[in-house]
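Participant: With the hints as extra help, turn the sequences into a complete structure.
Chains A and B, in that order, are what the protein sequence lines are.
With our numbering as the guide, the letters of the first sequence map in order to residues 413 to 772.
With our numbering as the guide, the letters of the second sequence map in order to residues 305 to 824.
Please keep in mind that the hints were generated in silico from the structure rather than gathered at the bench.
There's no promise every hint is true.
A partial selection of chain A residues facing chain B, derived with a Cβ cut-off under 7 angstroms [said to hold, decoys possible]:
1. 483
2. 485
3. 488
4. 490
5. 597
6. 598
7. 608
8. 610
9. 664
It should be emphasised that the depicted structure is a prediction, and the values quoted were computed from it without experimental measurement.
We put the beta carbon where it would ideally sit given N, CA and C, even for glycine.
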Amino acid sequence: MTLREFTLHDIEALAVGAWILGTGGGGSPYLGLLNMRRLYAEGHRVALMPAAELADDDWVAAVSNMGAPLVGQERLTDSRTIARAVALMEEHTRYRFRGIMALEIGGGNSIQPLMAAAHLRRPVIDADMMGRAYPEAQMTSVAVGDLKPCPLTTVDVRGLEAVVERVPSWKWMERVSRKICVEYGSIASTCKAPRTGREVKRWGIHGTTTKAIAIGRAVREAQRAHGDPIAAILAVEPGKVLYRGKVRDVERRATEGFLRGRTLLEGSGDWRGAAMRIDFQNEWIVAWLEDQPIAMSPDLICVLDSVSGEAIGTETIRYGQRVTVIALPPPRVFLTPKGLEHVGPRAFGYDIEFKSVFEA
Amino acid sequence: MRRIGIDVGGTNTDAVLIEDGQVAVAVKAPTSEDVTGGILEAFMRLKATGGLSGERIDAIMIGTTHFMNAVVQRRHLTKVGALRLGMPASASLPPFCDWPPDLARLVEGGVWMVEGGHEYDGRPFMPLDGEAVRQAAREMRALELGSVAISAIFSPLDPSHERQAAAIVAQENPGAAITCSSDLGRIGLLERENAGLLNAALCDLARDTIAAFEAAIRGSGLDAPLFITQNDGTVAEAAQARRLPVYSFASGATNSMRGGAYLSGLDDAMVVDVGGTTTDLGQLRSGFPREANSVVRIGGVRTLFRMPDLISIGLGGGSHVTLEPLRIGPLSVGYRLPVEGIAFGGTRLTASDVAIAAGLIDIGDRSRVAHLDTLIRARVLDEAKRMIEESVDAVKTAAGDVPLIAVGGGAFLVPDRLEGVSRVIRVRHGDCANAVGAAIAQVSGEVDQVFRDLQRADAIAKAAALAADRAVAAGADRATLETVETEDIPIAYLPGNAVRVRVRVVGDVAASRDAPHRGS
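Facilitator: See the structure below:
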């Protein structure tokens with residue numbers, strides 16, 4: 413078995429790369445990173461295990477923080493809360509987890525499995541279920557695969573704990589767990605339905621932790637060398653530049669536990685005179701150039717600081733920022749008709765046909 | 305329209321009189337230990353030129369690098385009691401958790417975390433544990449902590465727990481200086497708390513410094529309102545500046561950049577401001593410093609509030625120089641250069657001594673530094689060049705050479721040729737560019753509050769009108785007001801479409817005012 417121990421450098425790079433894969437949402441990984449620095453200083457260590465090495469009958473915990481990243485910026489992140497969500501699941505199911513994986517590699521949730529793994533002394537599995545960040549529970553590869561959505565544990569730092577034992581569908585899981593999350597104050601640490609090794613090998617999106625580390629390392633190295641970090645990303649990932657420009661306006665409204673809205677950009681260089689609008693629901697969902705949709709979920713739309721190459725989130729994007737918009741290719745599982753039903757433009761209320769930036 | 309702009313640096317106090325947009329008089333005096341002496345001297349030198357006779361002075365604007373220097377040099381800092389209202393959340397990341405250890409050791413007077421804070425939707429996160437706050441305040445008093453920084457979860461949306469805790473701390477600890485993080489604004493507990501902790505660490509220095517400014521003005525027989533310049537190139541009244549010194553943090557550098565733009569006529573260039581103690585570098589965009597859009601590190605501390613995007617290093621004319629191993633700064637003799645520098649009969653080798661020996665500047669007694677041979681001069685000046693080049697590179701936003709405006713009293717340390725720089729521009733009055741930038745600074749008005757039952761556009765319009773009124777009350781000419789920042793954040797789950805709106809407007813200082821605000 414090949415376990416590779418994360419160095420602190422790996423975790424720092426993971427934070428940068430995961431923020432980019434967050435496609436505007438998922439929350440900043442900074443606080444998770446601070447917790448990891450502290451845990452490493454205390455002598456904790458975490459290792460990474462390829463999904464392919466799981467036995468079919470292993471059990472794997474999938475974890476995430478659920479809720480509004482804005483709340484996380486105020487309540488901060490305590491590594492013990494996510495570890496408690498996993499422990500609660502073990503108490504409830506009497507399973508012993510072989511390893512811990514991320515529900516979503518995008519944003520702060522990329523670090524959650526590392527925090528739980530540090531406290532519980534298990535490896536992190538190199539896979540997730542989104543390949544990015546998405547706002548809802550049914551927007552995952554395991555939901556596309558119709559795997560069982562329950563049970564789910566939710567933990568609030570004040571000691572509130574709840575188990576969602578039975579729901580008929582992922583949509584119901586989304587509705588019920590979101591209600592709990594909103595009551596907690598729009599943030600909850602959760603352990604999703606336990607997955608077998610066989611399920612993770614069939615439906616997990618593999619290698620995403622490694623991918624996030626590679627993207628993060630490319631950005632950091634370009635920054636150090638005063639190179640172009642966006643070119644550096646495109647050198648390690650087959651992405652495409654969609655637009656360069658400046659933020660002209662941001663409109664946000666918070667409804668049903670989501671942050672919805674749009675940002676308007678004015679172009680520069682090749683895009684001078686052409687306006688771009690990007691709609692978001694926690695994450696960037698559809699990009700419109702001169703009112704024509706040019707990129708949409710499940711393609712990854714990433715809005716990056718033109719200078720530093722680091723991601724800019726839907727909650728923090730501000731007037732005047734110089735940005736470059738790039739698209740990264742989506743996990744293949746989302747490109748099937750069933751996949752598009754879950755995460756295509758219609759899943760977000762847009763009556764448009766999905767067309768990938770990467771189609772010839 | 306006549307204004308005096310003053311910049312109190314670590315080494316020199318510069319003063320200019322601006323009349324109708326032109327520099328009428330510029331003088332320089334050494335900064336004194338009590339600050340007042342240097343300002344008094346500057347006023348005397350201004351008077352001696354005859355420039356202050358005639359029409360009244362409309363305003364006196366003072367900018368200072370004192371507060372930033374204190375953090376960079378880890379000096380004059382007050383020990384702070386950190387009180388966070390938010391338990392049981394956030395316990396694994398206590399106040400000071402991401403500070404550089406050396407600074408934390410100096411400032412951390414103790415950490416108290418108690419239950420309190422609010423939710424995103426306005427409900428209390430936990431009821432405020434007033435008894436625990438009282439207990440914390442007593443322990444702080446027992447430790448003789450005279451400065452307290454209070455932070456609470458979501459205090460920008462609901463500052464009531466911070467205010468209640470501040471009242472309890474004030475009862476138990478009368479006379480303590482209290483900083484509430486909600487006064488510094490933005491969402492992001494750690495970064496807002498860090499700004500609050502730095503503010504609290506500067507409370508004694510701010511009180512003493514601004515009192516000294518006021519005494520100097522009175523002592524010079526001048527009668528004009530006092531404004532303190534702010535991070536964004538505008539000015540605030542003295543009382544607010546004393547309470548919130550972090551808003552004056554980067555004003556010295558901001559003013560230098562604004563002054564550099566004004567004097568050179570260049571709106572898009574890099575500016576390097578070499579003072580006696582620090583060197584600041586920043587990029588001009590349309591005549592204003594590029595504003596930091598995200599977290600700004602101050603002395604290694606992550607903060608998030610209104611700041612220009614700058615790099616500050618410990619290099620200046622007064623910087624200590626050691627030869628084995630070769631090192632310049634960050635310690636500086638500052639205003640004691642004319643006493644402690646070797647060229648002035650002192651014993652401390654400074655960057656200025658080396659520049660004097662090399663003939664870059666003609667001050668002091670060159671014969672006293674004749675023993676510094678060519679090799680030593682070259683080594684030290686190369687090191688200064690290397691430090692500046694490294695910072696130019698770090699500020700750059702793209703590869704390629706940029707024009708560099710060199711200002712400040714220590715600009716002689718900037719060589720004419722630098723890697724990554726197309727040309728070095730030196731301007732007349734460049735040694736007092738920060739005083740010029742202060743003198744031309746505008747007045748701002750800001751509103752940051754929650755509006756309900758209004759459409760977004762109406763809420764923004766209402767906030768803009770309020771901000772305009774505040775700017776006018778603070779001394780701005782209504783006809784010149786311009787909105788420079790608008791931000792709105794919806795607050796979920798509150799009835800009535802609640803939205804938090806922040807608007808900032810700036811305008812010129814009104815030429816004549818019926819009731820001038822005194823800096824009191």
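Participant: Next step is simple, just say for each hint if it's right about the structure.
Facilitator: Checked hints:
The interface hint given for residue 483/A is met, as the beta carbon of that residue sits about 5 angstroms from the closest beta carbon of chain B, less than 7 angstroms. For residue 485/A, the shortest C-beta to C-beta distance to chain B is roughly 5 angstroms, which falls under 7 angstroms, so the interface hint holds. Interface restraint check for residue 488/A: the shortest CB-CB distance to chain B comes to about 4 angstroms, inside 7 angstroms, so the restraint holds. For residue 490/A, the shortest C-beta to C-beta distance to chain B is roughly 4 angstroms, which falls under 7 angstroms, so the interface hint holds.
This hint holds: residue 597/A has a C-beta 4 angstroms from the nearest C-beta of chain B, less than the 7 angstroms allowed. Checking residue 598/A against chain B: minimum C-beta separation of about 5 angstroms stays under 7 angstroms; hint holds. Look at residue 608/A: its Cβ only gets to about 32 angstroms from chain B, farther than 7 angstroms, so that hint breaks. Because the closest C-beta pair between residue 610/A and chain B is about 35 angstroms apart, greater than 7 angstroms, the hint is violated.
Hint status for residue 664/A relative to chain B: holds, with the closest Cβ pair at about 6 angstroms, below 7 angstroms.
Violated hints, listed in ascending order, are 7, 8; each of the other numbered hints is respected by the structure.
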